[in-house]
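Undergrad: Got chain A; can you put chain B on it based on the hints?
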Amino acid sequence: MPSTDEELVARSMGGDLDSFNQLVVRWERPIYALAYRVIGREEDARDVTQETFLRAFRALKGFKGQAKFSSWLYRITLNLCRDWIRREKRTPVAQAPEGVDIIELAGETTPTESVEALVARHELGRAVGKAMSMLPDEQRTAIILKEYHGLTFQEIADLLDCPLSTVKTRLYQGLTVLRKQLRDAGVEGGFDR
Amino acid sequence: MCDRKEQLIGFVYGELDPSETQAFEHHLVSCADCRGELEDLRVTRGQIAAWTPPEPDLDFQIVRGPVPVQPAARRFRIAPAWGLAAAAILVMAIGAAIANLEIRIGSEGLVVRTGWSAPAAVDTALVSAGGAQPIDWKQQSQQLDQRVRQLEQALAANRAGTVRNASASSMTDDEVLQRMRDMLGQSEMRQQRLLASRLTDVSRDFDLKRRTDLMAVDQALVRLQNTSGAEVRQWRDLAQRSVRAAGVMSTSLQK
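If you read the sequences in order, they're chains A and B.
Going by the numbering used here, the final residue of the first sequence carries number 193, and the count climbs one at a time with no gaps.
Going by the numbering used here, the final residue of the second sequence carries number 448, and the count climbs one at a time with no gaps.
It is worth saying that the hints were derived from the structure and are not from the lab.
Each residue gets a CB set at the ideal place from its N, CA and C atoms; glycine is no exception.
Any given hint could be a false lead.
Unchecked claim - In silico lysine-lysine, DSSO-like type, Cα no more than 30 angstroms apart, as pairs: (1) A/K130 - A/K180; (2) A/K130 - B/K331; (3) B/K402 - B/K331; (4) A/K180 - B/K402.
Stated by the list, open to error - Reference listing, derived: stretches of chain A covered by chain B, where coverage requires no fewer than 3 residues with Cβ under 8 angstroms from a Cβ of chain B: (5) 2-10; (6) 36-42; (7) 141-154; (8) 161-174; (9) 177-186.
With the rest of the complex left out, here is chain B:
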């Protein structure tokens, strides 16, 4: 068995150098194995050629599709004012919840307090004071009404100013931007005031309920004290009668 397979395959495919080809041709003269294999390989290659793929319907083409909208382009779009205001309210509400915000109206006026440790002292003071100065709800209500009217007037004036500014074509971009910032700031302030007002209402309702409960407790205590006093008097009368009875018995015995 001849071991010149690499030369044989190179010779079959015509990839030998001219000198190698000449040398292998000389070898073929004297090697029957290689002559036989060469013939078999040529026949096999002839048979292989009969294997053809089917005729495909291809006609591929690369085409450009529509350019997709980049999400980043929308990411930086300026949100409308109402959206920012809503977001501000949400952030403030969450912040208030986290900070345990307390808003109270007392003799010292509007009190805003944050933190978790302060409220206990306030509650204790309120309970123990019992006779703390009563809040003038009528006056507070009038003040709130007045404040709401002021806010509504300011809002109306602001809207009118916005329309005027929008119609003015001479504003520069910086001025427009500044105006938008001012509007957003004012909107945020309005939302903050509204939130404070709502929280004040909640606080007021809570105080009212608490005071009602305290009054009920006071009345119950008074009733209890009255009840206790009557019992003491009964016991005292009973004791006095017993003493008197004992004195009468002693006198009778001495007699």
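Chain A extracted, bound-state conformation:
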């Protein structure tokens, strides 16, 4: 049975480097996904991910465990992303490959998904990424944390240091703007949730 985050954190605080590296393996992809969706650049997202774990490792002694370890990592990541956006003084850009390689895509298909459906999903993903990049930072961050990381309203409010009602408002307004932009871009339909 794999160790919980709390157990690994406790062992890491005791100087067990392997335990911390297990946490890295467990969380590096979600952290990278968060960074990528917030700032929209692959290489910079990699750098932010690496820096997140370095900072977490250095500050581990100060982690008191009031929040979940993942929330603590998310906070570090969002702070780094905010610094990046401020430093670069530019709107996050959703990168997308110029051409879609059908052969590569075919390798990603699920047994029930055709190549055509997969191409359509990639096109939709590009459109969503572009629309997301045009949202205000607060709305985009709230949607990312809710939709892709499954945080509760309360967890998002704690992470962003804002009231619960503000989180709901940002989500509602962000989704409404996103729907309009996708419709204006000619994107219809999708996957019901």
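TA: Quick look at chain B alone, frame taken from chain A:
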């Protein structure tokens, strides 16, 4: 336009209490706006799911690097004896410069004086004395040679003692430390003597030059005095001749 947006968003994400959920479901039956928005939000959420990040090549690992050498560890390392001796010389030289150190050998022996006000009187005395007792440079040189030989002998004896002590394994740490302190003290004394000797040489050279200059001044004064005396004699002769001439003229007139 319905204003139950917070309930709507809570309902979409399933974060309403059971009672709130039941109440909102009742509301949906009668509110077409909320039904329409609920449908749009569900479609939009379905579209959002298509945005996936690229597959990164991550595999980060935290590794321990080599422990850096603490600068403080080197800061307190004991410097070698020659280094301390050089530092002592430097400190003494700076101190001597600041204190206007004067080292002089006279009839009263070796004189070491510090301070800025004293030297003027000494210089005046030397100039006005003119015939102050001459320094026996030959004797002073012999004394210095003798002192240098003594220092060299002491240094050789000290080196031999150092080797012996270094080879003796029975010395305790305190004894070694004490021995090092003694050596440093002796080294410092030697450097002080050497510095005094050098300063004495400088002072001697300076005195010699000054005395040479004084002699030159004396000779110039004598020449000046001799020159002045000859002129006076010339004027006196001229005056006497004038007086005699005047007496001759007076006599001639009376005649």
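Undergrad: For the pair we were handed, A/K130 and A/K180, check the Cα-Cα distance against 30 angstroms.
TA: holds, 13 angstroms
Undergrad: Measure nothing beyond the straight line between the CA atoms of A/K130 and B/K331; if it is 30 angstroms or shorter, mark the hint as holding.
TA: At roughly 101 angstroms apart (the allowed maximum being 30 angstroms), B/K331 and A/K130 break the hint.
Undergrad: At least three residues with a C-beta closer than 8 angstroms to a C-beta of chain B: is that true for the segment 36-42 of chain A?
TA: That given contact holds, which follows from 3 residues of the segment 36-42 of chain A lying within Cβ reach (below 8 angstroms) of chain B.
Undergrad: Are there at least three residues in the segment 141-154 of chain A whose beta carbon sits under 8 angstroms from a beta carbon of chain B?
TA: holds (count 5)
Undergrad: If you count the residues of the segment 2-10 of chain A with a beta-carbon closer than 8 angstroms to a beta-carbon of chain B, do you get 3 or more?
TA: violated (count 0)
Undergrad: Given the hinted pair A/K180 and B/K402, is their alpha-carbon gap at most 30 angstroms?
TA: With Cα atoms ~103 angstroms apart, A/K180 and B/K402 exceed 30 angstroms; violated.
Undergrad: Using a Cβ cutoff of 8 angstroms, are there at least 3 residues of the segment 161-174 of chain A near chain B, or does the coverage claim fail?
TA: holds (count 5)
Undergrad: Between B/K402 and B/K331, is the straight-line Cα distance small enough, at 30 angstroms or below?
TA: The given pair, whose Cα atoms are some 17 angstroms apart, holds under the 30 angstroms limit.
Undergrad: For the segment 177-186 of chain A, count the residues whose Cβ lies under 8 angstroms from any Cβ of chain B; is that count three or more?
TA: holds (count 3)
Hints 2, 4 and 5 from the earlier list are contradicted by this structure; the remaining hints agree with it.
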